[in-house]
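So the sequence lines, in the order shown, correspond to chains A, R, Y and S.
Note that the first sequence covers residues 1 to 138 in this note's numbering.
Note that the second sequence covers residues 1 to 138 in this note's numbering.
Note that the third sequence covers residues 1 to 138 in this note's numbering.
Note that the fourth sequence covers residues 1 to 138 in this note's numbering.
FYI, nobody ran anything at the bench for these hints, they're computed from the structure.
We put the beta carbon where it would ideally sit given N, CA and C, even for glycine.
Where hints are given, some of them may not hold.
[Unchecked claim] With beta-carbon atoms standing in for the labels, derived distance ranges: (1) A:A137 - R:E25: 30 to 38 Å; (2) R:G93 - A:E25: 32 to 40 Å; (3) S:G93 - Y:I4: 54 to 62 Å; (4) Y:G93 - R:K5: 31 to 39 Å; (5) A:G27 - Y:R24: 38 to 46 Å; (6) S:D48 - R:I26: 58 to 66 Å.
[Claimed, not checked] Under the rule of at most 30 Å between Cα atoms (straight-line distance), these lysine-lysine pairs were calculated in the DSSO-like manner: (7) R:K22 - A:K5; (8) Y:K22 - S:K5; (9) A:K5 - R:K51; (10) Y:K22 - R:K70; (11) R:K69 - Y:K22; (12) S:K51 - Y:K70; (13) Y:K5 - Y:K22; (14) A:K70 - S:K70; (15) Y:K70 - Y:K5; (16) S:K70 - S:K22; (17) S:K22 - A:K70; (18) Y:K70 - Y:K22; (19) R:K5 - S:K51; (20) S:K22 - Y:K5; (21) R:K51 - A:K70; (22) S:K51 - Y:K5; (23) Y:K22 - Y:K69.
In case you want the letters, here they are:
There are 4 protein chains.
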Amino acid sequence: MLTIKRLDAGEARVLIEGAAAKAREIGVPMCIAITDEGGNLVAFERMDGGKVTSITIAIDKSYTASAAKKATHEYGEISQPGTPAWGISSAIGGRLMVVGGGLPVVVDGEVVGGIGVSSGTPAQDREVAQAGLDALAT
Amino acid sequence: MLTIKRLDAGEARVLIEGAAAKAREIGVPMCIAITDEGGNLVAFERMDGGKVTSITIAIDKSYTASAAKKATHEYGEISQPGTPAWGISSAIGGRLMVVGGGLPVVVDGEVVGGIGVSSGTPAQDREVAQAGLDALAT
Amino acid sequence: MLTIKRLDAGEARVLIEGAAAKAREIGVPMCIAITDEGGNLVAFERMDGGKVTSITIAIDKSYTASAAKKATHEYGEISQPGTPAWGISSAIGGRLMVVGGGLPVVVDGEVVGGIGVSSGTPAQDREVAQAGLDALAT
Amino acid sequence: MLTIKRLDAGEARVLIEGAAAKAREIGVPMCIAITDEGGNLVAFERMDGGKVTSITIAIDKSYTASAAKKATHEYGEISQPGTPAWGISSAIGGRLMVVGGGLPVVVDGEVVGGIGVSSGTPAQDREVAQAGLDALAT
Numbered sequence: 001m002l003t004i005k006r007l008d009a010g011e012a013r014v015l016i017e018g019a020a021a022k023a024r025e026i027g028v029p030m031c032i033a034i035t036d037e038g039g040n041l042v043a044f045e046r047m048d049g050g051k052v053t054s055i056t057i058a059i060d061k062s063y064t065a066s067a068a069k070k071a072t073h074e075y076g077e078i079s080q081p082g083t084p085a086w087g088i089s090s091a092i093g094g095r096l097m098v099v100g101g102g103l104p105v106v107v108d109g110e111v112v113g114g115i116g117v118s119s120g121t122p123a124q125d126r127e128v129a130q131a132g133l134d135a136l137a138t
Numbered sequence: 001m002l003t004i005k006r007l008d009a010g011e012a013r014v015l016i017e018g019a020a021a022k023a024r025e026i027g028v029p030m031c032i033a034i035t036d037e038g039g040n041l042v043a044f045e046r047m048d049g050g051k052v053t054s055i056t057i058a059i060d061k062s063y064t065a066s067a068a069k070k071a072t073h074e075y076g077e078i079s080q081p082g083t084p085a086w087g088i089s090s091a092i093g094g095r096l097m098v099v100g101g102g103l104p105v106v107v108d109g110e111v112v113g114g115i116g117v118s119s120g121t122p123a124q125d126r127e128v129a130q131a132g133l134d135a136l137a138t
Numbered sequence: 001m002l003t004i005k006r007l008d009a010g011e012a013r014v015l016i017e018g019a020a021a022k023a024r025e026i027g028v029p030m031c032i033a034i035t036d037e038g039g040n041l042v043a044f045e046r047m048d049g050g051k052v053t054s055i056t057i058a059i060d061k062s063y064t065a066s067a068a069k070k071a072t073h074e075y076g077e078i079s080q081p082g083t084p085a086w087g088i089s090s091a092i093g094g095r096l097m098v099v100g101g102g103l104p105v106v107v108d109g110e111v112v113g114g115i116g117v118s119s120g121t122p123a124q125d126r127e128v129a130q131a132g133l134d135a136l137a138t
Numbered sequence: 001m002l003t004i005k006r007l008d009a010g011e012a013r014v015l016i017e018g019a020a021a022k023a024r025e026i027g028v029p030m031c032i033a034i035t036d037e038g039g040n041l042v043a044f045e046r047m048d049g050g051k052v053t054s055i056t057i058a059i060d061k062s063y064t065a066s067a068a069k070k071a072t073h074e075y076g077e078i079s080q081p082g083t084p085a086w087g088i089s090s091a092i093g094g095r096l097m098v099v100g101g102g103l104p105v106v107v108d109g110e111v112v113g114g115i116g117v118s119s120g121t122p123a124q125d126r127e128v129a130q131a132g133l134d135a136l137a138t
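Just chain A, same shape as in the assembly:
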């Protein structure tokens, strides 16, 4: 029998609020999604002005980060032409995201969920996702 650690709804809100605070600080309204360790959605917020396309992209970044236990920008690095994971970006009907902005939520060395952010540049998305993690860690 397995015992699983999984972030709860309250922790999901902390992640979203931490990310949203950073998004406001840099002036980019974001879509922010939180998934559990099984890749299933726990919470989502589209800030006023967040992009409609980013709804799915944020959810899928979080899905990828939590369910594959890997940051999406790391998938970007290993899926370039000529690299081993080339082509992975269209897996799972395109849900496997290789663009930065998806980060696993790690507690005591275990992946307990994920956060996915979209609407800015990939660097901005990643910075805002990290701010969510920082808010939970403090």
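Given the coordinates of chain A, assemble chains R, Y and S onto it according to the supplied hints.
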């Protein structure tokens, strides 16, 4: 050019909090989704214990209620065998929900969004969605 | 070798304009879709106020009517519980529409396309689709 | 509550007619799609000879341009191998188009919709989409 009224992220949170309060009162953890008047997701929360299947169901109930401007239980009534909208329940890849728990958010006579709730019985889902609307109206 | 008769883009416009005139007459803004005899979209219009859910539903009604060479309300009649085509409504990922409002466009005894209408009651949708056919016939 | 500007059905027709005039001028029959600011389809025309594959591509180019508020050729530039948005082209089930021919419709600094064109080369598609915008602006 058209001018459209659309609920904002703060109002979406009021809807979710009102619905979640009722869900706690009746002891049924729920998935709660809020969409804008174009059917696009604005906010979502899966309370601890909410069903994984209900993630999509709640989102699609809200999508239906907002984008079709009709409560999902009303679609249930007009899509029974022998009635005119028979078969509508599998439309849009199954996204057109005819099970109760999806309600349009109406402000000043205009549909500005929707709320969709799932994890309980359809009657419970509908009661919790209505509590969201009541919280926004007060 | 086959020689196929297929409605052209100009005829598609006549169909849409005929349908839209009836929609305005009965005061129900509609989504109106025209497909060719292969079920592929030729033209579409969402009148101001037409429902977002009806975009896909109108296209799929037209697809069904043209590609299956049968009015969608006829599918509704033969897919009721206990009838031979029971269950057909979820075929093709739900694209096979059995709700009224999809009609084949028949010229000289051949199906050359289809028209699909959605946003009103099934009876209104069917009336508006018929008005499109009438406009082309005159 | 948010107040949103959205193109109406008449403006969609102006966009299509402007684009179609340019398509005829360069001798390439096109698929032309117009979406609103939420990415939902407003109008579509496949000119006689337009490609069947381009039905979906034109709709998805318009969806991307309006819902992501960015021209599709700009996505092409920032998603090349080694660039930050590498891999974005398969997002949203492949609906996120990075091939030229999708342009946002901007009025008074706000994105009110999008136009997507397909059947020619990406450069031709983009030229025809621009002609649609020019027709609306005059």
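Original post:
In this structure, is the beta-carbon distance linking G93 (chain R) and E25 (chain A) contained in 32 to 40 Å?
Top reply: At 39 Å between Cβs, range holds.
Original post:
Holds or violated: are the alpha carbons of K70 (chain Y) and K22 (chain Y) at most 30 Å from each other?
Top reply: Holds, because 22 Å separates the two Cα atoms, which is no more than 30 Å.
Subject >> Pairwise hint evaluation, K70 (chain S) against K70 (chain A), where the allowed Cα distance is 30 Å at most >> reply: holds (28 Å)
Original post:
Is the gap between the beta carbons of G93 (chain S) and I4 (chain Y) within 54 to 62 Å?
Top reply: At 31 Å between Cβs, range violated.
Original post:
Given the hint that K22 (chain Y) pairs with K5 (chain S), does the C-alpha gap stay at or below 30 Å?
Top reply: holds (28 Å)
Original post:
Is 58 to 66 Å a correct range for the gap between the Cβ atoms of D48 (chain S) and I26 (chain R)?
Top reply: holds (59 Å)
Original post:
When you check the alpha-carbon spacing of K51 (chain S) and K70 (chain Y), does it fall within 30 Å?
Top reply: Holds - the C-alpha atoms of K70 (chain Y) and K51 (chain S) are around 25 Å apart, at most 30 Å.
Original post:
Taken at face value, is the distance from the CA of K51 (chain S) to the CA of K5 (chain R) at most 30 Å?
Top reply: Violated, at roughly 37 Å.
Original post:
Taking only the CA atoms, is the gap from K22 (chain Y) to K69 (chain Y) under or equal to 30 Å?
Top reply: holds (24 Å)
Original post:
Does the Cβ-Cβ separation between A137 (chain A) and E25 (chain R) fall within 30 to 38 Å?
Top reply: holds (33 Å)
Subject >> Satisfaction of hint between K5 (chain Y) and K22 (chain S), Cα-Cα up to 30 Å >> reply: holds (27 Å)
Subject >> Pair hint outcome, K70 (chain S) versus K22 (chain S) [Cα-Cα no greater than 30 Å] >> reply: Within the cut-off at roughly 22 Å; holds.
Consistency with the previously given hints fails for numbers 3, 17 and 19, ordered from lowest to highest.
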